[in-house]
Amino acid sequence: MTDRPLSVAAAFRALEGPGAGAVSIFVGRVRPDPGPAGRVVALVYEAHRGPALARFRALARAAERRFRTLRVVIWHRSGRLRVGEISVIVGTACAHRAPAFAAARFLIEDLKVTVPIWKSERARPGRRPRRRPARPGGRSAG
Amino acid sequence: MTDRPLSVAAAFRALEGPGAGAVSIFVGRVRPDPGPAGRVVALVYEAHRGPALARFRALARAAERRFRTLRVVIWHRSGRLRVGEISVIVGTACAHRAPAFAAARFLIEDLKVTVPIWKSERARPGRRPRRRPARPGGRSAG
Amino acid sequence: MARPVTVLLFAGARVAVGRSELRWSVPPGGLAAGDLARQIAAEYPRLAPILRSSRLVRNGEYVRSASETVRPGDEFAIHPPYGGG
Amino acid sequence: MARPVTVLLFAGARVAVGRSELRWSVPPGGLAAGDLARQIAAEYPRLAPILRSSRLVRNGEYVRSASETVRPGDEFAIHPPYGGG
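Chains as they are written, first to last, in the numbering used here: chain A, 15 to 156; chain B, 15 to 156; chain C, 281 to 365; chain D, 281 to 365.
If we strip away everything but chain A, and leave its shape as in the complex, we get (with noise of 0.2 Å):
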């Protein structure tokens, strides 16, 4: 969980290291979806960080389990967002390529299930903010 900017860049040389033949990296923007109260400007996203951290943790520890991911990351922001922003990366080492994908997927489809992070829309100015947490369907495809 961070407040600034994640780079795809930075999490490509974390996932470097010896065997990774593979990577997989998925990474979630927040999209300038139409809603009912205009079109999405931000998406304001809310964690328990705590909880979250240790989530990720258990994610990883996952992964490692069941893909043998040699390295993983799950990186997240918190705050405000505004449309084409990153939300989320999550990205997988593997020696091949089946298990990186099957744990990049796995990864991001656990993420916004079990992890304690929420968000609410900004829609366009001159409208009323409305907020809707915790939507499933979000405006994020991440």
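Check before you lean on any hint, since a few could be wrong.
[Stated by the list, open to error] Derived Cβ-Cβ restraints for the label pairs, each shown as a range:
hint, chain 1, residue 1, chain 2, residue 2, range
1, A, 128, D, 326, 54 to 62 Å
2, B, 68, D, 328, 26 to 34 Å
3, B, 28, D, 329, 39 to 47 Å
4, B, 28, D, 308, 43 to 51 Å
Treat the hints as calculated values from the structure; they're not laboratory data. Quick caveat, the model's predicted, so the values are computed rather than measured. Don't be surprised by glycine CBs; every beta carbon is placed ideally from N, CA and C.
For chain A, the structure is supplied; the task is to place chains B, C and D on it using the hints.
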């Protein structure tokens, strides 16, 4: 196809653009696997350039048709690559994460069997080099 | 004097209460987690429907039973369904 | 004088022939792709087993039939199974 080092950051930049809520990037790197001729220290990639590029374009069109990709990257190195160097990057930008993952997986799987690129191993110096072009299950996970 | 419980409210629970954190007094011997949640919802009625789909968390661990005791000084959190990513 | 066919050899085919490119004379009216491949393999016997698992390519397009004509000036390539990635 390029002789120059591939950059994950550049691939991500090439995938940016409106509506791309989900980006999936796969990176294949040369692994130092043990082989019958000694530990692999490098791979040499050769390609039939014109048909390879034509096939890349066809793959990009197929991804767009099948997975509604908004943008696609298919980059492959040629020439001699040392262990740890990036041999291939495929990347996809979609509105949602499921097609982004599926399209990236489609691109790398298809690339390996339909694009006229071949690799041969260079083993640890001090032993006779051994050439194993076009062997399935080569020494790069990409 | 007994220390209060720190109650953390997120997302819809935060909106329903109008704050992200409360101090809540509990008896020196503590209070069942389910009773604590009901007490808070009694004071903030908009919280009641959100509680039905939320998980309760005590000191960073999920509450496994509504009868689990929340003690003075504990951190107690209400987690509506998650929406990260 | 008829122009030769440019023959491109990759991977195992390149190793078998010892070169990545050949110039191969064909009659002015051309030669069936299958016959051309057999002629080359007759001169470079180590190529024969590789040809069995290879695809033939004329001017960047897969040869669909061994009887397809390769003409003077064409580019003719032998593609062993691919191994990119």
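Each hint, compared with the structure:
Distance hint check: the CB atoms of residue 128 (chain A) and residue 326 (chain D) are about 58 Å apart, consistent with the given range 54 to 62 Å. For residue 68 (chain B) and residue 328 (chain D), the Cβ-Cβ distance of about 29 Å falls inside the hinted range of 26 to 34 Å, so the restraint holds. Distance hint check for residue 28 (chain B) and residue 329 (chain D): the Cβ-Cβ separation is about 41 Å, which falls inside the suggested range of 39 to 47 Å. For residue 28 (chain B) paired with residue 308 (chain D), a C-beta distance near 48 Å keeps the hint of 43 to 51 Å intact.
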